[in-house]
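S.K.: Listed below, chain by chain, are the residues.
Number of protein chains: 2
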Amino acid sequence: MSSIAALNWRYATKKMDVTKKVQQEKVDQIIAAAQLAPSSMGLQPVKIIVVTNPELKEKIRAIGYNQSQITDCSHLLIFAAWNVYSEERVRHVFAQTNLERELPADANQDYLNMALGHFPSMTEEEQFTHAAKQSYISLGVALTEAALLGVDATPMEGFDPAQLDEMLNLKEYGLRSVTLLPLGYRKEDEDWLVKLKKVRTPLADFVIEFQ
Amino acid sequence: MSSIAALNWRYATKKMDVTKKVQQEKVDQIIAAAQLAPSSMGLQPVKIIVVTNPELKEKIRAIGYNQSQITDCSHLLIFAAWNVYSEERVRHVFAQTNLERELPADANQDYLNMALGHFPSMTEEEQFTHAAKQSYISLGVALTEAALLGVDATPMEGFDPAQLDEMLNLKEYGLRSVTLLPLGYRKEDEDWLVKLKKVRTPLADFVIEFQ
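Protein sequence lines correspond, in order, to chains A and B.
This note's numbering applies: residue 17 is where the first sequence begins, and numbers increase by one.
This note's numbering applies: residue 17 is where the second sequence begins, and numbers increase by one.
Just so you know, the hints here were simulated from the structure itself, not pulled from any lab data.
Any given hint could be a false lead.
Where chains are identical, the list cannot tell them apart; a pair therefore holds if satisfied intra-copy or between any two copies.
[What the hints assert, rightly or not] Calculated lysine to aspartate or glutamate pairs in the EDC-like style (CA-CA distance at most 20 Å, straight line):
no., residue 1, residue 2
1, Lys36, Glu116
2, Lys36, Glu142
3, Lys30, Asp126
4, Lys75, Asp126
5, Lys213, Glu116
6, Lys31, Glu206
7, Lys211, Glu118
8, Lys187, Glu225
9, Lys211, Glu104
10, Lys36, Glu104
11, Lys42, Glu74
12, Lys31, Glu118
13, Lys211, Asp33
14, Lys213, Glu118
15, Lys31, Asp126
Generate coordinates for the entire structure from the input sequences, incorporating the hints supplied.
M.R.: Right, dumping it as structure tokens:
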């Protein structure tokens, strides 16, 4: 099995068909894929916000350069990341992991101490950037899963994250928004991009080999 | 088709079997998947460096916390990103895209101007961070593809990127290293992690819904 055909099929859908809903089972699988993505030290600083409310989608579109996919999509996923790696959060992940693995509560103490020592020297902004990077792994995994399921998905950085965080009260969750991923189905006859060739860096430029 | 089973099978392999090589065809598919990953404004600021040279792998291990996967793996992938979004680079991507799509050389001028206007207000470090984030999308896509092909892959941030950049002369390419992804096959009897349960944030904590 390979994802190459699916990745060639996918593209940054510009026009979605507002009448077509993505089956909940498929949305669940896309979210499950994002959830299974790895993260630095297994800390999983990533959350997904799912917006289906039409009024809220309209408000987000207004701070998202008026991009139609935000309202025309079936489910709007928002990838968010921890605003900081607090000691409490790091300890919680380790405790939960030990619990589920039926290990003693103090197992992996060295690794925990390493993780705890990693962040205090970073500014809050640097900590968020670190967490945000992890959310891009989940984004990559999720958009691959969407393509494998035949669901269109358009990754977007083009919105005002500070305004979105305020709109959704993400500060209360200790989160900041990073990217949008509207899920839906392409409306081919109204999408200027669908027929255009996918262009990628030629392999000879993309890869540098040290043999 | 779905990647969920493959994502459950994969894990951050701690011990790879140095005697097992990954078929070139599979390496090529993993690289092709990374190449097909989307990027902000389609600018593709990501490159992959493939290291198979044993002496070089040893040197990288020495600046990678002595992690054994760096030398035991079959192919060491290094995900690198542009150090800056120069005007020349941005113009080149747009020109190449128009050429391959058989569009006039001045097509998409508004979008080009938007892209050109996006980066000059950012510091070089911010530009690199923006590019590095895109490389995490490719990383997510590549590790999903590896899992689908039954190839083990361990994403790693734990190395000294400045030293690696120097070692590989990445500055000459206008690149900086971001993550490592050793490819190979697990050596189950020597891997402490392989039998442990994969632990993820429970779905109820991972997802926030606005219906």
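S.K.: Next, verify each hint and record whether it holds.
M.R.: Hint check:
no.	hint	in the structure
1	Lys36 / Glu116	neither (39 Å within a copy, 32 Å between copies)
2	Lys36 / Glu142	neither (40 Å within a copy, 39 Å between copies)
3	Lys30 / Asp126	between (48 Å within a copy, 16 Å between copies)
4	Lys75 / Asp126	neither (46 Å within a copy, 25 Å between copies)
5	Lys213 / Glu116	between (47 Å within a copy, 7 Å between copies)
6	Lys31 / Glu206	within (6 Å within a copy, 51 Å between copies)
7	Lys211 / Glu118	between (53 Å within a copy, 12 Å between copies)
8	Lys187 / Glu225	between (44 Å within a copy, 16 Å between copies)
9	Lys211 / Glu104	neither (50 Å within a copy, 27 Å between copies)
10	Lys36 / Glu104	neither (42 Å within a copy, 41 Å between copies)
11	Lys42 / Glu74	neither (24 Å within a copy, 44 Å between copies)
12	Lys31 / Glu118	neither (48 Å within a copy, 22 Å between copies)
13	Lys211 / Asp33	within (16 Å within a copy, 45 Å between copies)
14	Lys213 / Glu118	between (51 Å within a copy, 9 Å between copies)
15	Lys31 / Asp126	between (50 Å within a copy, 19 Å between copies)
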